[in-house]
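Enquirer: One-letter residues, chain by chain:
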Amino acid sequence: MIYLENIGRYFLMLKSVFSKMTKWSMLRNLIFKEIDDLIVGSMGIVCFISFFVGGVVAIQTALNISNPLIPKYLVGFATRQSVILEFAPTFISIIMAGKVGSFITSSIGTMRVTEQIDALEVMGVNSLNYLVFPKIVALSLYPFVITIAMFLGIVGGWLASIYGGFSTSADFVQGLQIDFIPFHVTYAFVKTFVFSFVLATIPSFYGYYMKGGALEVGKASTTSFVWTSVVIILINYIITQLLLT
Amino acid sequence: MIEVKNIKKSFDGVEILKGISTTFEKGKTSLVIGQSGSGKTVFLKSLLGLFTPEEGSIFFDGKEYKKLSTAEKRHLRTEMGMVFQGSALFDSMTVSENVMFPLRMFTNQSVSEMQDRVDFVLKRVNLVDAHHKFPAETSGGMQKRVAIARAIVMNPKYLFCDEPNSGLDPKTAIVIDNLIQEITDEYNITTIINTHDMNSVMEIGEKIVFLKNGYKAWEGTNKEIFKTDNESVTDFVYSSDLFKKVREVYLRELED
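As they're listed, the protein sequences go chains A and B.
Last residue of the first sequence: number 246 in this note's numbering, and the count goes up by one each step with no gaps.
Last residue of the second sequence: number 262 in this note's numbering, and the count goes up by one each step with no gaps.
Some clues are possibly wrong.
Stated by the list, open to error - Derived lysine-lysine pairs resembling DSS-like cross-links, with alpha carbons at most 27 Å apart:
no., chain 1, residue 1, chain 2, residue 2
1, A, K212, B, K79
2, A, K24, B, K139
3, B, K69, B, K34
Hints in this document: simulated from the structure, not taken from any laboratory.
Could you build the full structure based on these sequences and the hints that come with them?
Expert: Here it is, written out as structure tokens:
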């Protein structure tokens, strides 16, 4: 029953987020600040993880090809498919649920605990629009992060293949090009865009409606990470079913 | 003037406010006192519109809050100032930005006009060198003064303070009390303060409302509170030996 109540409250929250907009001059500054915090601030960890996981995918694929009849370009092919279809959009989003999601929940939750949200409401500010809307707009740039993750994942796989002696550069590049379906990139970006909305709103929900003190802020961050991850995985399944089958 | 008529508020089936009626007059500092859990904060937040009472009405200068349109409620909110118990300053903003926030949000003043107003109110609360400090870099007393500056920057008609003295040393607490009373007189504001502080009750309580278990148990002035024989009030206000003696001395002086 509590789950249904939370789902209902989440959609009511979304309604409030898009009503009674904050003054544009204020909103513009908030959006730039959120882009800096949520997008630019995440680039380092996303680049690091993408590069090395791309390398690991290439190595694992190469090590599991023992049959000499299987062409070597398969390493590049498997890396490309893994990175574009799942690793960059889904795996990075789960990491972002931990990094960005817990940041959002704890920052909004702390504002709740210290009555800063009440202060906004007393002044006549629509606190949900003021706090959540800039995050949604900022995270709409999230597909650019994923583009970089895709690029670095493939570069990581390419370098690991060459310098690990698993494949030649020519073979790897041939694998990258073979059977390329441009729609897979569209599919990845559709997923990413939906995930960006989930990443902005679910952690905000858990931060905004939390009750209690500092300990509860920590608990809300954990709960927010769990539910953001669960929703991302479920939406991933639904979008895959709808777009790829 | 704020008029409260029979407001009731419950949470999870537990009735916190059980029908409170009172009036807070313009230009006067009114205090709401009572033990922890007596419903003071819920009462104050109901006046602010943060909680919606299930029954009863609140009138702001004759206008019933629940009958106002959303736009009218929004406008009324800009006429309210609130000093929260923990100051509730925005951590990511400097003192100056905190005070300027309502001006940026609700007025179309130029930056220099807003800065002039911020300088004026910060000077009014005796803070002149803290403009560029962040709340974390200031003391509790300074934070309270910044919160008061932010609350009065829009020239509010109504000022609400939730335990403005909590966590402050006695000297700073008196400074804050006097500042609130001066501002109330100066700008003819309707001021309502939630407090536990008996010094505030004695010093600035032009009207005192005593809450007990969600009911209004007593109301009067800071002179009348010395004379009252209401057991709930005397138990609460004169629970310490010091205040018992203060009362005795006061009543003796009155007889003489």
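Enquirer: Run every hint past the structure and note whether it holds.
Expert: Taking the hints in turn, this is what the structure says about them:
no., hint, verdict
1, A:K212 - B:K79, "holds, 26 Å"
2, A:K24 - B:K139, "holds, 25 Å"
3, B:K69 - B:K34, "holds, 19 Å"
Violation of the numbered hints given earlier is absent; every hint is satisfied by the structure.
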